[in-house]
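Line by line, the protein sequences are chains D and P. Reminder that position 11 of the first sequence reads as -7 in this note's numbering, one-by-one numbering, no gaps. Reminder that position 182 of the second sequence reads as 260 in this note's numbering, one-by-one numbering, no gaps.
Just so you know, the hints here were simulated from the structure itself, not pulled from any lab data. Just so you know, not all the hints are guaranteed correct.
Here's a subset of chain D near chain P, in silico, CB distances under 8 Å, partners left out [unchecked claim]: (1) 4; (2) 7; (3) 30; (4) 35; (5) 42; (6) 44; (7) 47; (8) 50; (9) 52; (10) 67; (11) 68; (12) 72; (13) 107; (14) 109; (15) 110.
Just so we're clear, the structure is a prediction, and the values are computed from it rather than from any experiment. Beta carbons: idealized from backbone N, C-alpha and C, even for Gly.
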Amino acid sequence: MKPEPNPRLWPGDIYQTFKALRVRQVAYVPDAGHTQLITSCQADPEMAAISLTTEEEGIALLAGARLGGQRGALLMQSSGVGNCINMLSVPLHCRMPLLMVVTMRGEWGEFNPWQLPMGQNTEKVLQAMGVYVQRATHADEVGQIVNAGAQLAFNSNCVVAVLLSQRLLGFKDWSK
Amino acid sequence: MTEKKMGTLDRRHVMAKVQARRGDALMVTGLGSTTYDAGTADHLNTFCLWGGMGAAAMTGLGLALAQSERRVLVMTGDGEMLMGIGAFATIGAQHPKNFALAVIDNEHYSETGMQATHTQRGVDLAQVAAACNFASTETVYTDGELDAAIPKLFGGDGPTLVVIKVNTQRYPMSIRLRDGARLKDRFRENLLGATEAYY
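My request is simple: use the sequences and hints to build the entire structure.
Have a look at this one:
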């Protein structure tokens, strides 16, 4: 297996964006691609890192955070997007901001065929629900795109998903 | 075999009693009957969900974390709670002291044809919450038990769950505000002030 490039800098860029924008509640269902970011948020005394049993809980949680005057972000992998669809009714109908940061599976050199149905349709189903989708494919653009997506969500009271391409995580060769 | 205890309390009586003791607590209600019940006592500190089934408890958690100095009470039905049953685990793990949950349990999906919920078939939500690290849980059946339980919704260390067994009486829909965006703005303006609410 080819080693992934180390150190990986873009999770730190996302964390710095969260800090700069006063994100206080970070809800997540873990993904390998979010490991560093989750660790950073857990270590930050100004942030609550909230582990969920399923992704749609995070949408309801962050609706409550919004009611209470705090900003949040929701981390998941693309398989979790499917769990969220009806719950998106809450921020969409109530015109609440929601920032989702989604690590993609089922695209760049995917080794698990079960990931393909959701991964190949993540963007389509989000857009069908009225979510604004922005995608980052290269490491050096991640921070900027998350920042722009967050500004869009928080300043325009809309639901934004930033998709982090599987290519960012590098290619895992499971063929041998 | 012991006979199963039935809920005899009236849901609107329960809502009126809880509301009378709410003080400055923030409330979230779940769809549908509990939100209708709350509509009979509309309040600036109440946010009524009329969608996102399963959202009520988690919305209350986000609010409780954001407003850690305020008491947060979630009121919702058994069907709505069952749809978001994982929230018991997430709330138990976060363990917010200022969080309380009242499940108005009529053991039916009363908006959709009175089908039985799992609580009619041996599922005990108070035991679920207790196993999920809630600080206190109980189930009440009578007016006297309700009176004794209400102070626990508004004081003492949470997370707290009170399951309130009610009868199957249905009431007309009594929504005051259909528009969630308006309801959200009203809630935020009252809690945070207009400057922060609309910035």
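Results of checking the hints against the structure:
{"no.": "1", "hint": "4", "result": "violated (12 Å)"}
{"no.": "2", "hint": "7", "result": "holds (6 Å)"}
{"no.": "3", "hint": "30", "result": "holds (5 Å)"}
{"no.": "4", "hint": "35", "result": "holds (3 Å)"}
{"no.": "5", "hint": "42", "result": "holds (4 Å)"}
{"no.": "6", "hint": "44", "result": "holds (6 Å)"}
{"no.": "7", "hint": "47", "result": "holds (4 Å)"}
{"no.": "8", "hint": "50", "result": "holds (3 Å)"}
{"no.": "9", "hint": "52", "result": "holds (4 Å)"}
{"no.": "10", "hint": "67", "result": "violated (11 Å)"}
{"no.": "11", "hint": "68", "result": "holds (7 Å)"}
{"no.": "12", "hint": "72", "result": "holds (4 Å)"}
{"no.": "13", "hint": "107", "result": "violated (17 Å)"}
{"no.": "14", "hint": "109", "result": "violated (20 Å)"}
{"no.": "15", "hint": "110", "result": "violated (17 Å)"}
Hints 1, 10, 13, 14, 15 from the list above are not met by this structure, while the remaining hints are.
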